[in-house]
Every structure is written in C-alpha cells, then in structure tokens.
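**Q** Keeping the supplied structure of chain A fixed, place chain B upon it in accordance with the hints.
For reference, the chains in residue letters:
Number of protein chains: 2
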Amino acid sequence: MRARASIIVVGSEILKGITLDTNSNWLAKKLTGIGFEVARILAVPDEAGEIEWGLKALLECSDVVVATGGLGFTEDDITSQAIARALGLGYEFNNEAYKLIEQRHREDAVKYVKAAYMPSGAKPIPNNVGVSPGFIVEWRGKKVIALPGVPVEMKEMFERYVEPLLQSLTGRISMRAIVVTNHMVEAEVDELVRGLRRMEDVYVKTHAEKPVKITIVVYGGDVKSACAILERVIGDVSRRLNVKSVEKPLECSG
Amino acid sequence: MRARASIIVVGSEILKGITLDTNSNWLAKKLTGIGFEVARILAVPDEAGEIEWGLKALLECSDVVVATGGLGFTEDDITSQAIARALGLGYEFNNEAYKLIEQRHREDAVKYVKAAYMPSGAKPIPNNVGVSPGFIVEWRGKKVIALPGVPVEMKEMFERYVEPLLQSLTGRISMRAIVVTNHMVEAEVDELVRGLRRMEDVYVKTHAEKPVKITIVVYGGDVKSACAILERVIGDVSRRLNVKSVEKPLECSG
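Chains as they are written, first to last, in the working numbering: chain A, 1 to 254; chain B, 255 to 508.
Calculated from the structure, these hints are not laboratory results. Heads up, a few of these hints could be off.
[As the list claims (entries may be wrong)] The list that follows gives simulated cross-link-like pairs (lysine-lysine, DSSO-like), each with its CA atoms no further than 30 angstroms apart:
# : chain 1 : residue 1 : chain 2 : residue 2
1 : B       : Lys368    : A       : Lys244
2 : B       : Lys353    : A       : Lys213
3 : B       : Lys284    : A       : Lys56
4 : A       : Lys99     : B       : Lys464
5 : B       : Lys502    : B       : Lys283
6 : A       : Lys111    : B       : Lys498
7 : A       : Lys210    : B       : Lys502
For reference, chain A alone in the conformation it holds in the complex:
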C-alpha cells in the first residue's frame, strides 16, 4: 500500500486571492519525491470550524497531513487550537516550544508566548528562521505536522526536520522525467500512450503544448529501482512516439 499524504493551507488571504499559495506546490513535489501519493490539497480561511472540518476530511484518506499557516502569535492565528480540537486533544503551553522561542528571542520571547501553545503531546519543530515553532502530533497511527505559512520558514523546517522523518515511513521514492515529442496534436499522443497509463506506480501526463510534452513520474523502492522503471517507461514512450528530447534525473544517467 502506498503511503498517502494531504496538505491543508490555512489563511483567509489565500481564499481572498490576496496571496498566491506556492507552499502547497512545493510540499506536493517534496512529498511525491519521498514516495507519497498526495491525495488532497485544501485551503481554508482562518476560521476554527473550517480548519477542523478540513483536517478531519484530509485525515480520512491520508497517513500524514501537513498543515501550513496560522501558527503565529497574531490574533487570527488559530491553527494549533483548531488542530487540537479536531483531534480531541487538549491545547496547552508547551515548555519545550517556549524554550525554542526563548533561545532566539531572549527579551521578546514573552510577546510570542501564544506561539508556544500546542495540542497536548505535540513535539515541537524548531524554527531557525522566524518566530513560531511547528509541531508534529501522532493521532490514531497517523501524523499531523503543522508548519508556519511563511515559505522560507516552512521550507527550512520541512527539509531539516520533517523530510528525513517521513522518508523513513514510505520506504520508497519517486522520480520524474520530461519527454518533448515532435507531435503537434495532444489527442494523437494521448491515443498512443494510453497503454502506459495502465501500469502500476507509473503516472503519464500529456501537456497541451505544441509540440506535445509528456511528464512521467514513477515510484520505486530506491534510486536504482526507480531509475530502472523510469528507463523502461521512457523506452516504451520512445517506441510509440517520435521523441525529440528527454530530461531525466541526474541519478539516472546512462
């Protein structure tokens, strides 16, 4: 069974079109890369009921839910509290989280005390860029991971603390290649690659560009096996289509 992940983006500024959400795209690429099937991406406003509904709806179909946004110390930051309520956990001052804030913001730490409140049993994730720590909390064998919405903070925390942890969960990775064809009509290319869409652990997407491009994503247990699958699919594509160029991962040279 492939491990499934979902992403919940919290912030009214996203729903009002004020801010373009780029976090979910970055996270989706990362999660796919370490072997997850990303099932749903949901954006909700800074409203407790919507965050709670959303988290529950994503947990229904996911082993891991990553939340971003609404973790700060301003009044509209309510993600931690909403997560606690959705999971039926307490919401309390986390001593370890406050120590992390104190280490970076000595005299100002008290201003940010709100960012140290988390669901009971949450394990804080250090924020080495901004103020608010993230956290990870286990729930019925699943993991909920909360990260700030500021992209530079979210990315640093994910890469340093979350990615290594999740990689060990999936036991697989994915790799992608881009094939540029000499075909000008997507309908024709779609017809020719249909058979490849039936293969397990292989995703083939035709893009409506001229000439038509194809993205291939494959999953494998490790770099070697993923590369072998990717090469096989690229071979299949090349036999069916008139291929102009192939862009593949450096790890799969040869």
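**A** Just chain B now, with coordinates in the frame of chain A:
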C-alpha cells in the same frame, strides 16, 4: 447573508507538484471582487471518487462551485462525468456543445467529441481560445460551473460568460487597499488593529514584513458604498498606526 463560493481544481499534475496551480488564486480574487466569500479551495487528482467527494464537500457550504481542469478530450479528463455522478445527473452528448466545437474545429471536431459530453441539463460555455467548452449546471438552487484548466482558456471564459452572471447573484462587490506602516513589529500592529477585526464585512490582515503591511478588504452594495467603508477603515487604521503610504482602488480617489 453573504453568497459563498468554492473552487475545485482537478488534476493529478497539481497533487504531484508538477504544475503550480495559479487558477485558484485568480478565481479567488475574481470571486471576492464580485462579492463572494470564498469558503474552500480544494485540489484533487484525476480520480472519479475524489472529484465526486470534493464537489459534494464544497457544495455543502457554497452557493456556487467553480471547477477547473479535466474537461478535455484525453483519457484522463473525467471531470464532467464525475460532476454528473456527484449530482445524480445523467452524462450525455450535448448537441449545443458539439456545435461550439464544430464552429472552431471543422474537420477535427470528431476527434474532440468527448469534450461535448456533459451532465444532463448543462448549459455549455463557449471556449473561444481552446477546444473544450465549459458548462454551468443548476443543482438544488446552487450553481456548478466547470471550466478548462488551461489558464488562458479559463480566464477568457470566466470573464466573458461567468462573471457577469455571478455578479448579478451577489448584489455586492468588494474592494481592497494596502497600507504600509512605519512599524517594524507585527505583534505591535496586531495589537493596535484588533478592534477593526470585529467589524462586519471588513477583513484586516497584517503581513509579517518589515515595515509591517496591512491588507484591508471591505464589502459593499456598490462602488460608492464600498469606497465609503474602505475610507472609514483606512481612517481608523491611520488613527491607530503610524502610516507610511496607502494604495487604494482608482475608483475610490478623493
């Protein structure tokens, strides 16, 4: 009661992080501009079950759901069929839709016949840029609007056919202003603007930049009343904070 809208983005390429979804941001801004409260934005893969689940989940809390993506003629385009199933409607050849395709793609129209299949009772929306028509279908007093995922097609169709229709539904518009302050600490600004967050039909968002920026969004029955509310809120902000500059809509000069 404010009219509520949601957006569902269909496409496995979004969930795998291959494509950055910019459609939902554009639509959220448009829908907010014509007076909607955007409640949820959801991205799901090209899987019938997920599209059906998603549409139902958004209809629960919305008067209008806008869907983008998966409307084409390739094998993985299954949005129309999934919408039909979610709403309990038939899925059938739409003569008016096929005529729209024929008008633009004479001899090739037969290749695109799949794009002419729609839920029973759907009203086609012409696509003057690409191949696939969109559609609008009424369901229990709500509207489901399906548009292609290619941004240039989606935008043209929304602005020309959908926006005028929806504008008449909400009977209101929204306007936004951006206030740049001379304050360097978001926690301080948050403290000072808290009272404004209690006002109905006013959204105030502080941004963690240095100096701190504030976005204000207000709703009103028409341009004049929205401008008046915006001016009042800008006045309130200016009394509370040290304001450096204000960027407001051209319509509200004075």
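**Q** Please write out, lowest number first, the hints stated earlier that are contradicted by the structure.
**A** Hint 7 contradicted; others consistent.
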